[in-house]
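**Q** Single-letter residue listing:
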Amino acid sequence: MEIVVCVKPVPEADTRLRATADGRGLDPENVKFVLAGYDESAVEQALLLKEAVPGSKVRVVSTGPAPRTEEVLRAAIALGCDEAIWAEAPAETVADPVAAARRLAVAVRAVPHDLVLCGKQAGDDESGLVAGALGELLEIPDFGFVTDLRWDAASARFRFRRAAEAGTEHWECATPVVIGLQQAWNDPRTAKLPAILKSRKAPIARSPAPSLPDDAPRSVPERFSLPAPRTGAKMIEYKTPEDAATQLVRILREEAKVFP
Amino acid sequence: MPDFSLTPEQESLRDAARKFARTEMAPHAAECDRTGRFPEEVYRKAYDLGLMNLNVPTEHGGSGLGLFEQCLIVEELAHGCGGMTTSIIANCLALEPIILGGSPEQQTRLLDPFCAQYQLASFCLTEPSGGSDAGGLSTRARRSGDEYVLDGEKCFITNAPHASLYTVFATIDPALHHRGITAFAVPRSTPGVTPGPDEDKMGHRASSTSTVRFEGARVPVANRLGPEGEGFSLAMRTLDQTRTPIGALATGIAQAALDHAAKYALERRTFGKPIGEHQAIQIKLANMAQAVRAARLLTWYSAWTIAGGAKGTLESSIAKCFASDTALHVADEAIQTFGGYGYMRAYPVEKLLRDAKLTQIYEGANEIQRTVIARELLREYA
Chain A
0 MEIVVCVKPV PEADTRLRAT ADGRGLDPEN VKFVLAGYDE SAVEQALLLK EAVPGSKVRV
60 VSTGPAPRTE EVLRAAIALG CDEAIWAEAP AETVADPVAA ARRLAVAVRA VPHDLVLCGK
120 QAGDDESGLV AGALGELLEI PDFGFVTDLR WDAASARFRF RRAAEAGTEH WECATPVVIG
180 LQQAWNDPRT AKLPAILKSR KAPIARSPAP SLPDDAPRSV PERFSLPAPR TGAKMIEYKT
240 PEDAATQLVR ILREEAKVFP
Chain B
0 MPDFSLTPEQ ESLRDAARKF ARTEMAPHAA ECDRTGRFPE EVYRKAYDLG LMNLNVPTEH
60 GGSGLGLFEQ CLIVEELAHG CGGMTTSIIA NCLALEPIIL GGSPEQQTRL LDPFCAQYQL
120 ASFCLTEPSG GSDAGGLSTR ARRSGDEYVL DGEKCFITNA PHASLYTVFA TIDPALHHRG
180 ITAFAVPRST PGVTPGPDED KMGHRASSTS TVRFEGARVP VANRLGPEGE GFSLAMRTLD
240 QTRTPIGALA TGIAQAALDH AAKYALERRT FGKPIGEHQA IQIKLANMAQ AVRAARLLTW
300 YSAWTIAGGA KGTLESSIAK CFASDTALHV ADEAIQTFGG YGYMRAYPVE KLLRDAKLTQ
360 IYEGANEIQR TVIARELLRE YA
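Top to bottom, those sequences are chains A and B.
Using numbering that gives the first Met the number 0, you'd call the opening residue of the first sequence number 0 and step up by one each time.
Using numbering that gives the first Met the number 0, you'd call the opening residue of the second sequence number 0 and step up by one each time.
Rather than coming from a laboratory, the hints here were simulated on the basis of the structure.
One or more hints might be untrue.
Cross-link-like lysine-lysine pairs, in silico, DSS-like; alpha carbons within 30 Å at most [as the list claims (entries may be wrong)]: (1) B:K44 <-> A:K197; (2) A:K49 <-> B:K18; (3) B:K200 <-> B:K44; (4) B:K356 <-> B:K262; (5) B:K44 <-> A:K49; (6) B:K44 <-> A:K31; (7) B:K18 <-> A:K197; (8) B:K272 <-> A:K233; (9) B:K18 <-> A:K56; (10) A:K191 <-> A:K31; (11) A:K238 <-> B:K262; (12) B:K262 <-> A:K233; (13) B:K18 <-> A:K191; (14) B:K18 <-> A:K200; (15) B:K283 <-> B:K262; (16) A:K197 <-> A:K31; (17) A:K238 <-> B:K272; (18) A:K200 <-> A:K49; (19) B:K44 <-> A:K191; (20) B:K262 <-> A:K31; (21) A:K200 <-> A:K56; (22) B:K18 <-> B:K262; (23) A:K256 <-> A:K238; (24) B:K44 <-> A:K200; (25) B:K356 <-> B:K18; (26) B:K44 <-> A:K56; (27) A:K31 <-> B:K18; (28) B:K356 <-> B:K310.
DEER-style ranges, computed between Cβ atoms [claimed, not checked]: (29) B:R267 <-> A:A12: 19 to 29 Å; (30) B:Y340 <-> A:P240: 13 to 23 Å; (31) A:V248 <-> B:Y340: 21 to 31 Å; (32) B:Q116 <-> A:T245: 54 to 64 Å; (33) B:R236 <-> A:P53: 42 to 52 Å; (34) A:D186 <-> B:A261: 27 to 37 Å; (35) A:S126 <-> B:K262: 30 to 40 Å; (36) B:D111 <-> A:K31: 33 to 43 Å; (37) A:A173 <-> B:A306: 52 to 62 Å.
Keep in mind the model is a prediction, meaning the values are calculated, not measured.
Quick reminder that beta carbons are idealized off the backbone N, C-alpha and C, glycines included.
Given only the sequences and the hints, what does the whole structure look like? Please build it.
**A** So, in structure tokens, the structure goes:
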């Protein structure tokens, strides 16, 4: 099975974030970029399928500026992906999910693909648009919010579930297909030291940019602001646990009006 | 121009160790410290990721890392838990005599099957009658045909109750003093080899330490590491390699203490402002930060010197001694920054002090390190 996983570099979870001087985006200075949590699950899923279906190959694709994009491609190689493809792009293009999908689509079209896997959304902008846009651009079916993805060799179809508001949908689908995966239902593996060292030397193929005007971002972020520091926490001063509980009940009832 | 920047490879290794320390070690550190539990599941995972046999060449199944890379990893691990780190890197110490002194045949026969699965090894040098006076050890090795018969007792042996392989230093004749010492690789399964019960320690409580008794233990001559009488030199060359990572381990404990103290200084308020705005605490933090960085740089310098092919006895002794003294001092100052809370077991800093203390004692007590430093130093002036 020919599998392509699309991954995005996102700021590490406990990074201290700042806006750029022009106030339009996130300042990448001193920010450590890692494989998005959703994408870790997508890579894990690709590797599980590769292990289950002999002769499979996993290619990992990412788009964005250096060095962050190269870093996440190498992280995916260290986890066990076979080949890495980099669709180089300036940072401002990455802020437009459809522009990113166009670059990824060029790379995916150039290689065999029975399955294109993405995290259902990125861990930073959480737009969740890339999987859908990729399906449209590649003119193949696409599904988001997918869990329990399995390959049924007998019928040569994927079987999976989607958690929808009204209930759980059960699907089957022929190849090729784009799948946006839910996060962390498959317990992503951790890279081993020898694989990490080997990944540093792995070749990274370049994918060309789409021809203009396709590559021009259609949307430009206007302003980026960090959440205001939370205020309004109330510390209860107490002498005994009973005293603390009495005060808490009074605050919940009279001030927060959580219950009558 | 000296360059203090890390290569992308080194950064990746450090990041992997940092992630492991944060997600797999730190969450269990307080519980293992309280109960003295040996968290085998953590050590198995460390093995699976290649964090355990760091110094063993890749052709024998290890991670094959240089000393500098080992130090980067060990500092990160120690930030998660000093005791667990001691158990994780004990294999490096125990296997180093085989790497340095074993024949190619011995390396293949002993290291390959050992590294092919999760297993622990212990370095058996110290004896109840003395550790620093390694030349005067009393465990006997008597030649009997194509075997040696080992009799004696070792103590304070890291991982001994859980180890499957011991590297043992014994004397063929006590009258020869250090020229009689000979090294052996001894499988735990050898009849007459008995580890004692786990010691109840002040710190490093997630690690396991015990005596190992040898009573008529028959070891084939094929398991002798190097010639008879060369064991003392082999032990010293081993410690020249493994001393620097102890500096890194101590630096990791010190960095953890500084991190806790600085975060607390921003949160804790007295006299209407965070204590980090009081000059007394600022001076404390500034001094702690200086010491931690100096410890790291001395460790890096030692690792860089040895990785470049030098013996590095002076540099590694300075790094180990300074970093371990720093760890104790910085942990002490972190407790003082926390005030009464710092003395409570519910807070993480008193553990760091207890863990730091051992780094001044093991792998060559700091008194011995200072003796070595002075000796090497005066040689330069003589």
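**Q** If a hint holds in the structure, say so; if it doesn't, say that too.
**A** The hints, checked one at a time:
no. : hint                          : result
1   : B:K44 <-> A:K197              : holds (20 Å)
2   : A:K49 <-> B:K18               : holds (26 Å)
3   : B:K200 <-> B:K44              : holds (24 Å)
4   : B:K356 <-> B:K262             : holds (23 Å)
5   : B:K44 <-> A:K49               : holds (23 Å)
6   : B:K44 <-> A:K31               : holds (25 Å)
7   : B:K18 <-> A:K197              : holds (19 Å)
8   : B:K272 <-> A:K233             : holds (17 Å)
9   : B:K18 <-> A:K56               : holds (28 Å)
10  : A:K191 <-> A:K31              : holds (20 Å)
11  : A:K238 <-> B:K262             : holds (27 Å)
12  : B:K262 <-> A:K233             : holds (21 Å)
13  : B:K18 <-> A:K191              : holds (12 Å)
14  : B:K18 <-> A:K200              : holds (22 Å)
15  : B:K283 <-> B:K262             : holds (13 Å)
16  : A:K197 <-> A:K31              : holds (21 Å)
17  : A:K238 <-> B:K272             : holds (24 Å)
18  : A:K200 <-> A:K49              : holds (22 Å)
19  : B:K44 <-> A:K191              : holds (10 Å)
20  : B:K262 <-> A:K31              : holds (21 Å)
21  : A:K200 <-> A:K56              : holds (19 Å)
22  : B:K18 <-> B:K262              : holds (20 Å)
23  : A:K256 <-> A:K238             : holds (24 Å)
24  : B:K44 <-> A:K200              : holds (25 Å)
25  : B:K356 <-> B:K18              : holds (26 Å)
26  : B:K44 <-> A:K56               : holds (27 Å)
27  : A:K31 <-> B:K18               : holds (13 Å)
28  : B:K356 <-> B:K310             : holds (27 Å)
29  : B:R267 <-> A:A12: 19 to 29 Å  : holds (25 Å)
30  : B:Y340 <-> A:P240: 13 to 23 Å : holds (20 Å)
31  : A:V248 <-> B:Y340: 21 to 31 Å : holds (28 Å)
32  : B:Q116 <-> A:T245: 54 to 64 Å : holds (59 Å)
33  : B:R236 <-> A:P53: 42 to 52 Å  : holds (48 Å)
34  : A:D186 <-> B:A261: 27 to 37 Å : holds (34 Å)
35  : A:S126 <-> B:K262: 30 to 40 Å : holds (33 Å)
36  : B:D111 <-> A:K31: 33 to 43 Å  : holds (37 Å)
37  : A:A173 <-> B:A306: 52 to 62 Å : holds (55 Å)
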